[in-house]
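Participant: Spelled out, the chains give:
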Amino acid sequence: MLLHNDRLFPSEPSALKVARSLYAHIRNLPIVSPHGHTQAAWFATNEPFPDPATLFVQPDHYVFRMLYSQGVSMDDLEIGQPVVKDPRRVWRIFASHYYLFRGTPTRIWLDYAFQELFGMKERLSEKTADLYFDTIAEKLKAPEFLPRALYEKFNIELLSTTESPLDPLKAHQAIRDSGWKARIVPAFRPDAVVDPSFTGFAGLVAQLGAQNGEDTSTWKGYLNALMKARARFKTLGCTSTDHGHPTAQTADLSQTDAAALFGKVIASKADAAEQELFRAQMLTEMARMSVEDGLVMQIHPGSVRNHNKFVFERYGRDMGADIPGPTGFVHALRPLLDRFGNDKNLTIILFMLDESTISRELAPLAGHYPCLRLGPPWWFHDSPEGMMRFREQATETAGFYNTVGFNDDTRAFLSIPARHDVARRVDCAFLGRLVAEHRLDEDEAFELAHQLTYDLVKKAYRL
Amino acid sequence: MLLHNDRLFPSEPSALKVARSLYAHIRNLPIVSPHGHTQAAWFATNEPFPDPATLFVQPDHYVFRMLYSQGVSMDDLEIGQPVVKDPRRVWRIFASHYYLFRGTPTRIWLDYAFQELFGMKERLSEKTADLYFDTIAEKLKAPEFLPRALYEKFNIELLSTTESPLDPLKAHQAIRDSGWKARIVPAFRPDAVVDPSFTGFAGLVAQLGAQNGEDTSTWKGYLNALMKARARFKTLGCTSTDHGHPTAQTADLSQTDAAALFGKVIASKADAAEQELFRAQMLTEMARMSVEDGLVMQIHPGSVRNHNKFVFERYGRDMGADIPGPTGFVHALRPLLDRFGNDKNLTIILFMLDESTISRELAPLAGHYPCLRLGPPWWFHDSPEGMMRFREQATETAGFYNTVGFNDDTRAFLSIPARHDVARRVDCAFLGRLVAEHRLDEDEAFELAHQLTYDLVKKAYRL
Amino acid sequence: MLLHNDRLFPSEPSALKVARSLYAHIRNLPIVSPHGHTQAAWFATNEPFPDPATLFVQPDHYVFRMLYSQGVSMDDLEIGQPVVKDPRRVWRIFASHYYLFRGTPTRIWLDYAFQELFGMKERLSEKTADLYFDTIAEKLKAPEFLPRALYEKFNIELLSTTESPLDPLKAHQAIRDSGWKARIVPAFRPDAVVDPSFTGFAGLVAQLGAQNGEDTSTWKGYLNALMKARARFKTLGCTSTDHGHPTAQTADLSQTDAAALFGKVIASKADAAEQELFRAQMLTEMARMSVEDGLVMQIHPGSVRNHNKFVFERYGRDMGADIPGPTGFVHALRPLLDRFGNDKNLTIILFMLDESTISRELAPLAGHYPCLRLGPPWWFHDSPEGMMRFREQATETAGFYNTVGFNDDTRAFLSIPARHDVARRVDCAFLGRLVAEHRLDEDEAFELAHQLTYDLVKKAYRL
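Residue numbers (this note's numbering), protein chains in the order written: chain A, 1 to 463; chain B, 1 to 463; chain C, 1 to 463.
For the record, the hints were derived by calculation from the structure and aren't laboratory data.
One or more hints might be untrue.
In silico DSBU-like links for lysine-lysine, alpha-carbon gap of 35 Å or less [as the list claims (entries may be wrong)]:
1) B:LYS181 x B:LYS121
2) C:LYS121 x B:LYS458
3) B:LYS459 x B:LYS344
4) C:LYS127 x B:LYS17
5) C:LYS121 x B:LYS459
6) B:LYS121 x A:LYS458
7) A:LYS127 x C:LYS344
8) B:LYS459 x C:LYS85
9) C:LYS228 x A:LYS309
10) B:LYS228 x C:LYS234
11) C:LYS458 x A:LYS127
12) A:LYS234 x A:LYS458
13) C:LYS17 x A:LYS309
14) B:LYS309 x A:LYS458
15) B:LYS139 x B:LYS85
16) B:LYS17 x A:LYS17
17) A:LYS121 x C:LYS220
18) B:LYS220 x C:LYS309
19) A:LYS121 x A:LYS17
20) C:LYS17 x A:LYS121
21) A:LYS459 x B:LYS127
22) A:LYS85 x A:LYS153
23) B:LYS309 x A:LYS269
24) C:LYS344 x B:LYS344
25) C:LYS459 x C:LYS344
26) B:LYS269 x C:LYS85
27) B:LYS309 x B:LYS344
28) B:LYS459 x C:LYS127
29) A:LYS127 x A:LYS170
30) C:LYS17 x C:LYS220
31) B:LYS458 x C:LYS127
32) B:LYS127 x A:LYS17
33) B:LYS309 x A:LYS459
34) B:LYS85 x B:LYS121
35) C:LYS234 x C:LYS269
36) C:LYS309 x B:LYS264
37) A:LYS127 x A:LYS141
Stretches of chain B that chain C covers, calculated by requiring three or more beta carbons in the stretch to come under 8 Å of a beta carbon on chain C [unchecked claim]:
38) 335-345
39) 357-370
Using N, Cα and C, we set each Cβ at its ideal position, and we do this for glycine too.
So that you can see chain A by itself, here it is in the shape it has in the complex (with noise of 0.2 Å):
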């Protein structure tokens, strides 16, 4: 076996026995992942996945951003590659430096993948390397393998992608068509269209006009598209937007002021503050859409994208090359929450890239303002210890319930499983330790550890 059944609880006696107890308890309910990056247009078509390398090295950043840091070439992995041309040469490579994964999550879920759905039992390596590729590879050509059949497998209840304002959402359209009985979303990332700074802005924001039918080159004919793209994304089942932000500053100019910023922005006038102070004011103005249309926020900020000068110019963006920087919350939210923090109808769930925002201003801010929640730790948080933390720093001023259960946030749809099986033993190791250090009663626990692992998801993404 490569997982043992008690991986990730704590070791000490009482405190297992609560965690193994907990995690029976809540280890077979519905996945719901309000949150990621899979691709709605697999379940559209229902294609096999290609071959073992083009499934788990060229599309997870992880995986080669570990094997780039230790000198492994990326172009040895074709990674940027239209298809991978030898993908069993790419296999290798990644067998052969599979060691390199000890103590990290990626390891955690590959094995789980390795494991449940392929069968593995001796670990990957140089060794095992042929054996990994011919018996994944041969299983990926069978029916129960098919993106439709593994959603089933891994009883997903819900699945929500993460598209652009101008994406026409045909995948997700021809689902609903197909009449598979599957509830998989839209979540509206706007990004590309709020961002100055994304390459052909101006472009961009004409192409969102032109699509709804609005004049975008006025402040308001800007907002009134977005308004019916975003209505547009809930007829498909969309309950969120998500925000990916350099930071979380927001800003709430008069309209005056902000319809001059944007003609200087779309004019491609603006300097780096300007761009900046429009991001800012276009989370607020979200805010405002998402109070009429019910729709939930997510903020993910502080991730300083494409460090790696030589690795964007080569390889483009999303390669394993985005580096957290430091984030300000108390400063940076307030002008949006002096309008909307108090108001009823508003949900904004916050992520973070900086522990040390947790203690200091994520919990005190989601343990006082109504419309504010902790969103689970994110990307290189979405860990064992990471998790581990996350409850520590968070629990005591935020409580459990202003925290948003687990989000998978990935492109890996084989790793979804195993992902939500981390997050749900690290909450019941949490609550484990909670009741045998008696700062918890039992029956307390076997509520929250359903709770964390499927009512508090449904509720905040309003599901």
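Place chains B and C on chain A using the hints.
Facilitator: Quick look at chains B and C alone, frame taken from chain A:
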């Protein structure tokens, strides 16, 4: 039982055994409470506390901020009202949301009072709301629940309140005059007359002058008046000052520049930066006075007060909407330390709301400067995890002896024994782990447990 | 016994069992010490160490900063004096304050030396002060306590000192010439000739020119002189450089702009910002040289040096008054990384004093850039809790293989075995917990224990 005898101790048996022994050794030591926000008037008049809602809900921002964060109306809780009109209704709202406090220190403090003082055995909930209300309301009428009786029952050796220099301290005087043998002393908190951003600052400074027979329109008269007010506090047992500035910034201007700045400030012509500079200068002036008169300084920086505009405008200050921000000490304290940092007659106790400063700045500062000590984890960090992280992050560099025992820092008189009990248990848990991991000898742990509970606070606060 | 055989291991039996086995496997591996501040002259002359106070108290700022923080006079400890006149008196002061070190790594290091080298069995205290003094003083005279004998007894395979480019390295040459088969090498630390804020900077740069036959009044001659000095260090076994800048800021100016800046700096006309820019540029120049000559770069940023004005003026540098400040890497390193971040011939080892950067910036950077590695927790964090937090916060994103084993980084030669022992124990404790929680297989833990102790350091430092 609501509370287990081993709560907050490690569940691992060898560490648990040591923690239990240590706790048995110190659990009954008297409470020394050198910093807090109880009201001397309670003990001067010795009137019964009115009802459960007025006692436990209305004044406790830890309680109602959590309820508010989950959509409970502050109006329904009668927050900010002079008298609670329908205490049973408020209590029922509170009881039916009591589950929100799972995993928080508030839950531990309240359960302690419910069990130890009021003999409750079943958990507070919607179902038990009336039982709790009736039981507590009944007991509050009994003589053994009068403030003075509780003070004695709590085994308090000293209790410090926190008062403005403008306070006539009549209640403190009345306690002394009554002949009751309790040691209730004021701490000198001059924020309202040294922080120009306080509403009505100039008028308050004028009042300070009038009270002390000094012309506070001049810098010299202003300093004299503060010195006289400090002397007045000392006659009633005061041994410490307290400073709740937005930052830890200090300054060391020439007296000419300071006088000019004071002129600007008092004429309400100072901008935000000048107000900050004035506060910074005043910390250094306060240190100078402390060198003279021996009052121990406490600095509580880093809270962004009244963050929620709506709540502030409707309900006022201290309504659960204060949010910490990033706080720096290493540069901020330097002007003061350059001047007085090596003075043997000065003690400055530093508090923090930004945990990233513990290992980075605070422990190295306190582990070097003879005048600096670290206050216990404050406010949002006055919690089992917060205290444990503080010990883990401070001890290796600052040692135990540059810390000062526990502060309850509370407005909630009935929570005092619970808060000290939590601190004692967490210290015993930490020491128990050190012994179980053979990082400290058991005899040393016993000595330390006593010192952390009793001796260090008396030494640091010069009691 | 002062020390328990299981010290620093988890007390939970299943994790303890693994930690013990891992430790048994690696405890006797040779010590590789690639960065530190011992003196080559000790081994060149092989004179006995003078007395206990001169050995343990006077040079160790960890020791006397703690004593000073608790009111012990630095004069009474004869700090900063060329010779300790009354070593027994100093020793007695130290012994009577030894309790201050409870819970600190200093205590562990000292107890290790006391027990393992000097055979002490009772704890150091006022009572045992003279017994310790006499025993240690006596043993120091014995041949087996001479520096070379201790070096061999400690099983040191390599020891690096840290030297200025101006140092003639006579002691290193003398060791080589003596025929003694030890590997003692210098690291190249150019701060004094690349940081314009150093006292006498221009004169030191001129001296650098004179020593290397270059005209260091020109930018080109200056760079040539540095290159030659590096080459000279390499002939004596040097494999690394070290840079202790106030920040991690780098720059990548054109050579024209860099030459102009150098002109300003050497003429003492650069302001603080220009001095910072020059240091930043020099880090990039050093990286360029490292790409050429293969020396591994170490960057130790973030210390605010000489924070205590009085102590600096009276006693000088390195007197326990250096305090860390907030440190940024993500933006600061970008200019250097844009230029050389993907170069296969470059290794940069990053150290930190600001733990909030571990999970936020350092692990993501090292988990991507092929040139970056994470140094072990430095200075105030070279401690059991600090090391454990480092592993917990770095491993999930950077893995184990982007770390470089342990640095003792000490001036205290006798503490070297103790420091490595602590690091080995903490690594075994961390690995033991991962195994006990089924997050790592036991065979992998054995391999990792060996690599963390021995292999990674040799690889990273190119030894």
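Participant: Please go over all the hints and tell whether each is borne out by the structure.
Facilitator: Going through the hints against the structure:
For the hint linking LYS181 of chain B to LYS121 of chain B, the alpha-carbon distance of about 34 Å falls within 35 Å, and the restraint holds. A C-alpha spacing of about 34 Å is found between LYS121 of chain C and LYS458 of chain B, which places the hinted pair at or below 35 Å, so the restraint holds. With a C-alpha separation of about 14 Å, the suggested pairing of LYS459 of chain B with LYS344 of chain B holds against the 35 Å cut-off. At roughly 30 Å between alpha-carbon atoms, LYS127 of chain C and LYS17 of chain B fall within 35 Å of each other, so this suggested pair holds.
Proposed proximity of LYS121 of chain C and LYS459 of chain B is supported: the alpha carbons are some 32 Å apart, at most 35 Å. As the CA atoms of LYS121 of chain B and LYS458 of chain A are separated by approximately 34 Å, the hinted pair is consistent with the 35 Å bound. With a C-alpha separation of about 27 Å, the suggested pairing of LYS127 of chain A with LYS344 of chain C holds against the 35 Å cut-off. With a C-alpha separation of about 33 Å, the suggested pair LYS459 of chain B and LYS85 of chain C falls inside the 35 Å cut-off, and the hint holds.
With a C-alpha separation of about 32 Å, the suggested pairing of LYS228 of chain C with LYS309 of chain A holds against the 35 Å cut-off. Restraint check: the Cα-Cα separation between LYS228 of chain B and LYS234 of chain C comes to about 68 Å, which exceeds 35 Å; the hinted pair is violated. The straight-line distance between the Cα atoms of LYS458 of chain C and LYS127 of chain A is roughly 26 Å, inside the 35 Å bound, and the hint therefore holds. Restraint check: the Cα-Cα separation between LYS234 of chain A and LYS458 of chain A comes to about 16 Å, which is no more than 35 Å; the hinted pair holds.
The suggested pairing of LYS17 of chain C with LYS309 of chain A is violated, with an alpha-carbon distance near 47 Å, which exceeds 35 Å. With a C-alpha separation of about 30 Å, the suggested pair LYS309 of chain B and LYS458 of chain A falls inside the 35 Å cut-off, and the hint holds. Between LYS139 of chain B and LYS85 of chain B, the direct Cα distance comes to roughly 20 Å. Compliance with the 35 Å bound is thereby established for this hinted pair. Between the alpha carbons of LYS17 of chain B and LYS17 of chain A the distance comes to roughly 20 Å, so the proposed pair stays at or under 35 Å and holds.
In summary, the hint linking LYS121 of chain A to LYS220 of chain C is not supported, as the alpha carbons are separated by about 61 Å, beyond the 35 Å threshold. Simply put, LYS220 of chain B and LYS309 of chain C have alpha-carbon atoms about 28 Å apart, close enough for the 35 Å limit, and the pair holds. Restraint check for LYS121 of chain A and LYS17 of chain A: the C-alpha separation of about 26 Å stays at or below 35 Å, so the hint holds. At most 35 Å may separate the alpha-carbon atoms for a hinted pair to count; LYS17 of chain C and LYS121 of chain A meet this at roughly 26 Å.
Taking the CA atoms of LYS459 of chain A and LYS127 of chain B, the gap is about 24 Å. The hint holds against a cut of 35 Å. A C-alpha spacing of about 30 Å is found between LYS85 of chain A and LYS153 of chain A, which places the hinted pair at or below 35 Å, so the restraint holds. Annotation: proposed proximity of LYS309 of chain B to LYS269 of chain A holds, straight-line Cα distance about 34 Å (limit 35 Å). The hinted pair formed by LYS344 of chain C and LYS344 of chain B fails the criterion: a straight-line CA distance of about 55 Å is larger than 35 Å.
A threshold of 35 Å between alpha carbons decides the hint, and for LYS459 of chain C with LYS344 of chain C the separation of about 14 Å falls inside it, so the pair holds. Distance hint between LYS269 of chain B and LYS85 of chain C is unfulfilled; the C-alpha atoms sit about 59 Å from each other, more than 35 Å. For the hint pairing LYS309 of chain B with LYS344 of chain B, the CA-to-CA distance comes to about 44 Å; that exceeds 35 Å, so the pair is violated. The suggested pairing of LYS459 of chain B with LYS127 of chain C holds, with an alpha-carbon distance near 24 Å, which does not exceed 35 Å.
Simply put, LYS127 of chain A and LYS170 of chain A have alpha-carbon atoms about 44 Å apart, too far for the 35 Å limit, and the pair is violated. Restraint check for LYS17 of chain C and LYS220 of chain C: the C-alpha separation of about 59 Å exceeds 35 Å, so the hint is violated. Under the criterion of a C-alpha separation no larger than 35 Å, the hint pairing LYS458 of chain B with LYS127 of chain C is consistent with the structure, at around 26 Å. Taking the CA atoms of LYS127 of chain B and LYS17 of chain A, the gap is near 30 Å; set against the 35 Å cutoff, the hint holds.
Pair hint LYS309 of chain B plus LYS459 of chain A holds up; C-alpha atoms about 27 Å apart against a cutoff of 35 Å. The hinted pair formed by LYS85 of chain B and LYS121 of chain B meets the criterion: a straight-line CA distance of about 28 Å does not exceed 35 Å. Taken as a hint, the LYS234 of chain C and LYS269 of chain C pair is honoured in the structure, with Cα atoms around 34 Å apart against an allowance of 35 Å. At roughly 31 Å between alpha-carbon atoms, LYS309 of chain C and LYS264 of chain B fall within 35 Å of each other, so this suggested pair holds.
The straight-line distance between the Cα atoms of LYS127 of chain A and LYS141 of chain A is roughly 24 Å, inside the 35 Å bound, and the hint therefore holds. Under the rule that three or more residues need a Cβ within less than 8 Å of chain C, the assignment of the segment 335-345 of chain B holds, with 5 such residues. Figure legend: the segment 357-370 of chain B, annotated as covered by chain C; annotation consistent (11 residues with Cβ-Cβ distances under 8 Å, at least 3 required).
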